[in-house]
Amino acid sequence: MEQYIPSKLLANAVEQFSKLPGIGRKTALRMVLDLLKRDENTVKTFANSIIQMKEKICTCKICGNLSDDDTCTICSNRQRNHSIICVVENIRDVIAIEQTETYKGVYHILGGLISPIDGIGPSELNIESLKERVRTQTIKEIIFALSANMEGDTTCFYISKLFKGNNLKISQIARGVAFGGDLEYTDEITLSRAIEARTDYFTE
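In this text, residue positions in the sequence shown follow my numbering: the first is 256, and each later residue adds one.
Please note that a few of the clues may not be correct.
[What the hints assert, rightly or not] Only pairs whose alpha carbons sit at most 20 Å apart, straight line, appear in this in silico SDA-like list of lysine to any residue:
#1 K416 <-> E396
#2 K386 <-> K419
#3 K359 <-> N404
#4 K316 <-> I382
#5 K424 <-> G360
#6 K316 <-> T391
#7 K416 <-> N404
#8 K299 <-> N267
#9 K316 <-> N404
#10 K299 <-> M286
[As the list claims (entries may be wrong)] Derived Cβ-Cβ restraints for the label pairs, each shown as a range:
#11 N332 <-> D294: 32 to 42 Å
#12 N303 <-> D324: 16 to 26 Å
#13 D294 <-> L417: 31 to 41 Å
#14 D373 <-> E270: 25 to 35 Å
#15 I278 <-> T357: 44 to 54 Å
#16 N332 <-> F412: 41 to 51 Å
#17 R333 <-> V298: 32 to 42 Å
#18 N332 <-> I260: 40 to 50 Å
#19 K395 <-> N267: 52 to 62 Å
#20 R390 <-> C313: 19 to 29 Å
#21 E356 <-> R333: 52 to 62 Å
#22 L291 <-> N336: 19 to 29 Å
Please keep in mind that the hints were generated in silico from the structure rather than gathered at the bench.
Every residue, glycine too, gets a C-beta built ideally from N, C-alpha and C.
Based on the sequences and whatever the hints tell you, model everything.
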């Protein structure tokens, strides 16, 4: 049965909210009705924050993280260990690892994983800039913190081959993360232990 909505303007707002991941029409309606109860300034602040986010957030020129400036707060933090790079698939993985409060290095966001079946090859990922960082900076270790699935393993294998022969430690987070699981959904304790118990990554 089609959801009854008494106003076209209300229906339009519900339609836009329901386009967000994990938001069904019933949840979208509850959210919109809640906004209607709030005062005008609160709603304007809410709307403006989304507009400013879209217009002003940029990508860190070093690691690919989201940032308000050319360089993100992690890459510009001198307290971080810039000789260790944790390679992740996306920004959500950075957020997940940062929640553990145990990793003190920096990151490199690939923007995806190698997946030939989906037409995603190395050239579609942020790999060249990783090579440039290793070439121009004093990097001692690369940690693979990619999802434990076939695409993640393929990506690890490909990148590790690029740096074979370099005087560079290459490691992989421990398999406390179940195979087939996405990193962003792993609980903080498991993820923290997986990083601390990382192992050397070897390829033939």
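Going through the hints against the structure:
1. K416 <-> E396: Distance ~14 Å between K416 and E396 Cα, so the pair holds.
2. K386 <-> K419: Within the cut-off at roughly 12 Å; holds.
3. K359 <-> N404: Measuring from Cα to Cα gives roughly 25 Å; hence the hint is violated.
4. K316 <-> I382: 13 Å, holds
5. K424 <-> G360: With a Cα-Cα distance of about 14 Å, the restraint between K424 and G360 holds, given a limit of 20 Å.
6. K316 <-> T391: 14 Å, holds
7. K416 <-> N404: 19 Å, holds
8. K299 <-> N267: Since the Cα atoms of K299 and N267 sit roughly 17 Å apart, the hinted pair holds (cutoff 20 Å).
9. K316 <-> N404: Violated. K316 to N404 sits at ~28 Å, over the 20 Å cutoff.
10. K299 <-> M286: The given pair, whose Cα atoms are some 15 Å apart, holds under the 20 Å limit.
11. N332 <-> D294: 32 to 42 Å: 38 Å, holds
12. N303 <-> D324: 16 to 26 Å: For N303 and D324 the Cβ distance comes to about 20 Å; the hint holds.
13. D294 <-> L417: 31 to 41 Å: For L417 against D294, whose Cβ atoms are near 55 Å apart, the range 31 to 41 Å is violated.
14. D373 <-> E270: 25 to 35 Å: Cβ of D373 to Cβ of E270: about 29 Å, so the range 25 to 35 Å holds.
15. I278 <-> T357: 44 to 54 Å: Taking Cβ atoms as reference, I278 and T357 lie about 32 Å apart, which means the hint is violated.
16. N332 <-> F412: 41 to 51 Å: Cβ of N332 to Cβ of F412: about 31 Å, so the range 41 to 51 Å is violated.
17. R333 <-> V298: 32 to 42 Å: With a Cβ separation near 40 Å, R333 and V298 satisfy 32 to 42 Å, so the hint holds.
18. N332 <-> I260: 40 to 50 Å: 47 Å, holds
19. K395 <-> N267: 52 to 62 Å: With Cβ atoms ~54 Å apart, the hint holds.
20. R390 <-> C313: 19 to 29 Å: 24 Å, holds
21. E356 <-> R333: 52 to 62 Å: This hint is violated: roughly 18 Å between Cβ atoms.
22. L291 <-> N336: 19 to 29 Å: Violated, since L291 and N336 (Cβ atoms, about 49 Å apart) do not stay within the stated range.
Checked against the numbered hints given earlier, the structure breaks hints 3, 9, 13, 15, 16, 21 and 22 and satisfies all the rest.
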